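Please arrange chain B on chain A, whose structure you already have, making use of the hints.
Chain by chain, the residues:
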Amino acid sequence: MSEHVVSRKTYFLIFGALMVGTALTVAVAFVDLGIFNDVVMLTIAVAKALLVILFFMHVRYSGRLTALAVASGFLFLLILMGIVVADYLARGPLPGVG
Amino acid sequence: MPDAAHAHGHAHGHPALQHQFDTLEQQKESSTFGMWVFLVTEIMFFGGLFTIYMIYRMASYEGFAEASHELDIVLGSINTAVLIGSSLTMAMAVWAAQTGRARTTANFLVATIVLGSVFLGIKVVEYAEKFHHDHVPGWGFAWEGPHADAAELFYSLYFAMTGLHAVHMIIGIGVLAALIRPALRGRYDASYYNPVEITGLYWHFVDIVWIFLFPLLYLIGRHVT
Chain A
1 MSEHVVSRKT YFLIFGALMV GTALTVAVAF VDLGIFNDVV MLTIAVAKAL
51 LVILFFMHVR YSGRLTALAV ASGFLFLLIL MGIVVADYLA RGPLPGVG
Chain B
1 MPDAAHAHGH AHGHPALQHQ FDTLEQQKES STFGMWVFLV TEIMFFGGLF
51 TIYMIYRMAS YEGFAEASHE LDIVLGSINT AVLIGSSLTM AMAVWAAQTG
101 RARTTANFLV ATIVLGSVFL GIKVVEYAEK FHHDHVPGWG FAWEGPHADA
151 AELFYSLYFA MTGLHAVHMI IGIGVLAALI RPALRGRYDA SYYNPVEITG
201 LYWHFVDIVW IFLFPLLYLI GRHVT
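So the protein lines, in turn, are chains A and B.
Just so you know, we're using the numbering used here here: the first sequence kicks off at 1 and counts up by one.
Just so you know, we're using the numbering used here here: the second sequence kicks off at 1 and counts up by one.
I should point out that these hints are in silico values taken from the structure, not numbers from a laboratory.
What you are looking at is a predicted structure, and each value in this text was computed from that prediction instead of being measured.
Don't take every hint at face value.
[As the list claims (entries may be wrong)] Some chain A residues judged to face chain B by a derived CB distance under 7 Å, without partners named: (1) Y11; (2) V26; (3) A69; (4) G73; (5) M81.
Built from N, CA and C at the ideal position, the CB exists for glycine as well.
So here's chain A without its partners, still in its complex pose:
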């Protein structure tokens, strides 16, 4: 379990995927997709972060306690962002900044 040695091949494959993701997100940024530019770039960023967490940070090979700790971190982040956004939007449209 925790003595699992991840192969060098896996690390290089993940590195390659992260570089491809970076190239992709830069390329898409130059295409005007309206609001979907943000959606695409955040989707790619989440995918890259997942690869780093699962393989470079060994969560895929770790026990449930580790997975629970990781998941709780992102759960609390979503609660923070969700409640702040809900609060702002419940007060009407956001005041624009010039």
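Coordinates of chain B only, in the frame set by chain A:
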């Protein structure tokens, strides 16, 4: 059997095994879990800044895009590649430590430090350029476009977020440097490599923060003129 008995006795007398733990395995699980709990607090630490960014991005959508356009996408992309590369060398350092390669572990630690320093060097160049063009909030901020206030807010967040990220990298480089000597002395092998493992967790976390900072800061203004 004698080998197994020897390995068992060795594990109990392992110099790295702290007295409060029964086995090296238990010690490793505890240190990994402890590091992850710390990283959860780090997620919330950076998360506050990301939340502020999100609110103001919604409040001044065009202004942020206009401000982002002034960032150097070439330097930003190079830095992203450099940091991902440093995550690879960090992962390889863990592999080398796990397989008992003392010299290789040290080499990969040094490579990670070098790549981290290249990242910080490029960041210094970018910061200097911002000072040169009066794009530093609170330092005679000047903006030519129509969204001066939003741009000032964007650059406040730019310096706060990349600055906090850079501080984390400097700390990470310091911790990595402290691992080189024990690595060269052969302290790390398959039974004990916790310091390399949890330093790796920290380093990869800092990489993940940048994976989100890069598009949010550098890419949102690319398709607008």
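Taking the hints in turn, this is what the structure says about them:
At a threshold of 7 Å, the smallest CB-CB gap from Y11(A) to chain B is about 5 Å, leaving the interface hint in force. Evaluation of the V26(A) hint against chain B yields a held restraint, the C-beta minimum of about 6 Å falling below 7 Å. With a cut of 7 Å, the hint placing A69(A) at the interface with chain B holds, because the nearest CB-to-CB distance is about 4 Å. The interface hint given for G73(A) holds, since its Cβ lies 4 Å from the closest Cβ of chain B, which is under the 7 Å cut-off.
With a cut of 7 Å, the hint placing M81(A) at the interface with chain B holds, because the nearest CB-to-CB distance is about 5 Å.
Checked against the numbered hints given earlier, this structure breaks none of them.
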